[in-house]
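A.B. asks: Using the hints, position chain B against chain A.
Protein sequences appear in the order of chains A and B. Residues 766 to 872, numbered by my numbering, are exactly what the first sequence covers, in order. Residues 13 to 465, numbered by my numbering, are exactly what the second sequence covers, in order.
No wet-lab data here; the hints were simulated from the structure. From the three backbone atoms N, C-alpha and C, an ideal C-beta is built for every residue, glycine too. You may find that some hints are simply not true.
[Unchecked claim] Simulated DEER-style distance windows between Cβ atoms:
#1 B:319 <-> A:818: 48 to 56 Å
#2 A:849 <-> B:411: 23 to 31 Å
#3 B:59 <-> A:860: 32 to 40 Å
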Amino acid sequence: MTTSNREPVYEVVWPLAPSAAAFAPLASRAPDLSGKTVGELWDYLFKGEEIFPLIRRALAQRYPGIKFVEYETLGTIHGRDEAELAATLPDQLRKHGCDAVISAVGA
Amino acid sequence: MLRAAAIAERAGVPSVSIVTTPFMQQAAVVMKGVGMPGLPIAEYPGVPMTDGPDTVRAKVEALMEQIVEGLAKPAVTTATPSVEPEPRDLVFRGTLDEVQDFFYRSLWTDGLPVIPPTIPRVERFLEFTKRAPGDVIGRLLPENRAATVWSIAVNGVMAGCRPEYMPLLVAFVEAIAEPEFRVQDAGSTPGWEPLVIVSGPVARALDLNHGQGVMRVGRQANTSLGRFLRLYLMNIAGLRIPPGAGDKGSIASTFNVALAEDEAAAAEMGWTTFGQDQGFVRDDSVVTVQSVVSASPPIYTAGTRALDHVQVLAEVFGRACAYWSCTGMKYARWQPLLVIGPSIAKVIAADGWSKDDVRAYLHEHVTIPAREAEKYAWHLGSTAFSLRAQVEAGVLPPEYAASGDPDRPVPVFVKPEWIGVVVAGDPGRNQSKGYCNNHIQGGRVSKRVALAR
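Chain A with its partners taken away, still in its complex shape (with noise of 0.2 Å):
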């Protein structure tokens, strides 16, 4: 704190933190999902079971072979720690093997 003729100034630091956020690409894109396996996360909330099955459906139109994990198989994503769902997630998708994956619902 200085002071000026009238009234205290006052020099302040950011009140803020460091980012820890660890910056990473996107992975490779699946141009065309004819004969490919979609994974289905969901958080088991705001209506994923009526959701799911229209993406299944249109998908399934427009992409001949297409396949689906459903959620049920990989589990509820929601509630899980960070940690937890980092290390058992990534396995889960190669044992299912998952090309693509639809997360839902965020609300």
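C.D. replies: Structure of chain B alone, referenced to chain A:
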């Protein structure tokens, strides 16, 4: 949900995430925090829980192009980490009013004036901890900033804490950085708020109120400690209401003042202190942080027998928690807190009841019809929830599916040991109060306070 997508992407599996329009700003904070600001999103317009089947179908059909594009089209990530100030950099110079305006415009305050965080003030706080200013206690999602000791001191100054509170502030952050606290969910729609319970000698040394008006602002320690946590969640976890983002509390609530127990009263009646209940010894100085999503009405109970009191406590505290009990049944963790007035606790204890006896009574006598628990879960958004499925999954004990009768009573409090009991409040009145927490979000975490002096 976005964090799961980010984990898939890091594992080499492309993703697309369905996010509803009202959550797009929060999604941006989460994506930046996980280091993937370009995560593909398919935006569901509106609120699924108020859409009928035909509307859901139409909206999903409209989403399909975004879903396909998200999985197929290489994303262009334009965001790069921005250059941010170093801890000792001076970010502003001005009068008190100018500092307030600058901090307010920068979304660094809770809307109340703050004490300007000058370097000398911050350094006075640092004298009260043995930890180095650059020590990182954890990282706080969703914005994912490093919880440094320096940042704790800065926000402690701003909140109006005294320098000698610093060991508690450090302990608070140690608690909220633990995975079981789930700080990443502190901006969820229920709008829960942390509640701190301070136990042991430090509560007396810092003049925390445990008596009449215990949960009201007015005592510096109780008030500024509670305010600190809200500021810290805003500034380090990145939980801000509009015009900021990250905090999606729909209606939400404001900060709680820190709660201290009337430990002398507890000792006099032969009860364990809350700190002891958390696994510490009576002389340990301990802080406990947990979420609070709602409070019961004030609960007045009268009589000379324990049962006179616990029956009414069960009725009123039980009703206050019953609606939200479906969350505990879903997530297998839920830690309501009962603050019992000293005069009431004295009667209960004199009748030979321990805190565990009170917990056991509440567990046994507070029930909700199964149909109602499932109904409330559905309205909340758990559209696939069923008690039977939870029992089959081993989440709930068999008594929750004991029959097919939809009106069968099931316990509101899944496990008696989840109920916290604190003796506090006005010793001159026969009043208690209950607090409902937000299931696994803001789980109860205790930390010993490391005093530097």
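A.B. asks: Decide, hint by hint, whether the structure agrees.
C.D. replies: Hint check:
1. One distance hint, 48 to 56 Å for the beta-carbon pair residue 319 (chain B) and residue 818 (chain A), holds here, with the actual separation near 53 Å.
2. Take residue 849 (chain A) and residue 411 (chain B): their Cβ atoms lie about 28 Å apart, and the range 23 to 31 Å holds.
3. At roughly 35 Å, the beta-carbon separation of residue 59 (chain B) and residue 860 (chain A) lies within the given 32 to 40 Å, and the hint holds.
The structure meets every hint from the earlier list without exception.
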